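Top line first, the protein sequences correspond to chains C and S.
One point on numbering: in the numbering used here, the residue at position 225 of the first sequence is 225, and numbering is uninterrupted.
One point on numbering: in the numbering used here, the residue at position 37 of the second sequence is 37, and numbering is uninterrupted.
Simulated from the structure, these hints should not be mistaken for laboratory data.
Computed from a prediction, not measured in an experiment: that's the story for all the values here.
Check before you lean on any hint, since a few could be wrong.
Note that identical chains are pooled: a pair holds if it fits in a single copy or bridges any two copies.
[Unchecked claim] Simulated crosslink set (SDA-like; lysine to any residue; CA at most 25 Å straight-line): (1) Lys246 with Glu258; (2) Lys174 with Gly302; (3) Lys63 with Gln264; (4) Lys174 with Leu243; (5) Lys92 with Leu208; (6) Lys181 with Arg265; (7) Lys246 with Asp158; (8) Lys246 with Thr261; (9) Lys181 with Glu210; (10) Lys181 with Gly270.
Protein chains: 2
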Amino acid sequence: MTDKIHFARIAIVGAGLIGSSVARAIVRAGVAGTLAVTDKDEAVLAEARELGFAHEFHDDAKKAVQDADLVILAVPVGAMASVGAAIAPVLKAGAIISDVGSVKEGVFSALEPLLPDTVHLIPGHPVAGTEQSGPSAGFASLFDGRWCIITPPEAVDDEALGRLTCFWEALGSKVEIMTAKHHDLVLAITSHVPHLIAYNIVGTASDLEEVTRSEVIKYSAGGFRDFTRIAASDPTMWRDVFLNNKEAVLEMLGRFSEDLTALQRAIRWGDGDALFDLFTRTRDIRRRIIDAGQDEEAADFGRHHKE
Amino acid sequence: MTDKIHFARIAIVGAGLIGSSVARAIVRAGVAGTLAVTDKDEAVLAEARELGFAHEFHDDAKKAVQDADLVILAVPVGAMASVGAAIAPVLKAGAIISDVGSVKEGVFSALEPLLPDTVHLIPGHPVAGTEQSGPSAGFASLFDGRWCIITPPEAVDDEALGRLTCFWEALGSKVEIMTAKHHDLVLAITSHVPHLIAYNIVGTASDLEEVTRSEVIKYSAGGFRDFTRIAASDPTMWRDVFLNNKEAVLEMLGRFSEDLTALQRAIRWGDGDALFDLFTRTRDIRRRIIDAGQDEEAADFGRHHKE
């Protein structure tokens, strides 16, 4: 199946949930001649090697990326700069350097000054994931039917952009191109603020005096448990997201809080119509997300119910 | 299987998601001699009759509850008083009158003055549900392994309380007894405020100028879609919850907003340690919810991934 090979050598830096899923999806698609994976955490690397989802496993990132035609950085946004500095000296001329980070302006401005002019830096973000972490949490179909956003710089090489687009499509994604700035605004509302308020409600609930933690857990099926899933996501990754997309997150958070204050006022003054209007409007969005194939139709996300 | 019958006649008022699930669970458990269902909405009643999950279907609530030993009110909290007034004249002496409402102080104070002294009013709340509505959304196993909270008045008849407890256990629930006041506080944080902030973030996201609604839908897998599930819940039911549990909801909402403001400040000032600390703490709660059997172990709530 050599005609499917898009890149003679691909290197993935970081073997966690996303890095290991990209590796598996590459193998499934058969788009790499050789696939090399590296991780600076010895235990993670050992686990990855045991799972065997690549041809080569390296503890030295430089050895993994040497001669690679495509390098995918799958590390927390805050670690991009140090990885970039480490691999820059050995990058092959003409290589495409991309990533999977949830913030795009910050990643580009961290990497751009560090990398040689001979490579193509084209950041990307597959909008997919689960609340679990580590190499064994990954799976090949994670990107199927999900969107991958590519945020090329203005002066991008069109051929390189085309190759990266085909790569993500081969992994099962649909691809959208936009500016890094717009990406960061869109993700602030569709991902970053939702994570922040999920983390926050779980924190609030665990700090109460009048309601015990055991009660919070027992009665979580009333709605609370839905928030605990994303509040179980990787802490390092999410700390870095908020530190690196400050402006857009604070803007969207401001709007959220303003709207919440209006709802609070409607409750205090018994304005049932205002509540009913909002609660009716929000049903439609879920319908459209299901119609767009971005969530399950089944009740309760398809959670298992014994019948 | 007559030895399983707990009540010669049970009546359920309201044939929506919860009422129809209670009916199906009663049939599955075989605990009713006769099961009568009523709904004031003609279309809902016709759908219920078509589905056939009870012995009798009545458009007149009085006919359904007449001679019933147990009456379960499965209507929105705001409709309890009018239903109570309608059925009060025909209730059988010694009957147990209970409900499934998400607010308990409000239900008790609405019903108590209306019902004859000869019946046992013992409010209850099975903490279970899905985002879907109507008779066809119900299923018999909805209450399996979930908690049902019963909030008896101080002067409760112990035998009646015991019978209601056994009833819910026969339907698959675990039962907890607490005061109505404490219930309303616990549910404010485990259910009511989570629903409110889910409705709110979905509202905020659909009102943006810089991010289109189509973008919100496309990239919802970044976290947002988790909120849309509970923001698709029944608008009438939830309006009534907030209007009838005002005090506890405002108290918990105040704490949530206070904590969110602290997080906002941590982001603005780049306090990564504060963010990391919270994000680490919240993982533990999810673990405990899964260990307690109140949510799925599988990633993404067990959402389907093609492998």
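Verification of the supplied hints:
Proximity of Lys246 and Glu258 under a CA criterion of 25 Å is satisfied in both settings, with 18 Å inside one chain copy and 19 Å between copies. In this assembly of identical chains, Lys174 and Gly302 lie within 25 Å of each other by CA distance both inside one copy and across copies; the values are 24 Å within and 23 Å between. In this assembly of identical chains, the alpha carbons of Lys63 and Gln264 never lie at most 25 Å apart, being 56 Å within a copy and 41 Å across copies at closest. For the homomeric pair Lys174 and Leu243, neither the shortest alpha-carbon distance inside one copy (28 Å) nor that between copies (44 Å) is at most 25 Å.
Neither within a single protomer nor between protomers do Lys92 and Leu208 lie at most 25 Å apart by alpha-carbon distance, with minima of 55 Å and 43 Å respectively. For the identical chains of this complex, Lys181 and Arg265 are inter-copy neighbours only, at 22 Å across copies versus 34 Å inside a copy, given an alpha-carbon limit of 25 Å. Taking the shortest alpha-carbon separations for Lys246 and Asp158, neither the intra-copy value of 31 Å nor the inter-copy value of 58 Å comes in at or below 25 Å. For the identical chains of this complex, Lys246 and Thr261 are neighbours both inside a copy (22 Å) and across copies (14 Å), given an alpha-carbon limit of 25 Å.
When the C-alpha separation of Lys181 and Glu210 is checked against a cutoff of 25 Å, the pair qualifies only between copies, where the shortest distance is 11 Å, while the shortest distance within a copy is 44 Å. Taking identical chains as interchangeable, the C-alpha atoms of Lys181 and Gly270 lie at most 25 Å apart only when they sit on different chains, with a minimum of 20 Å there against 40 Å within one chain.
Checked against the numbered hints given earlier, the structure breaks hints 3, 4, 5, 7 and satisfies all the rest.
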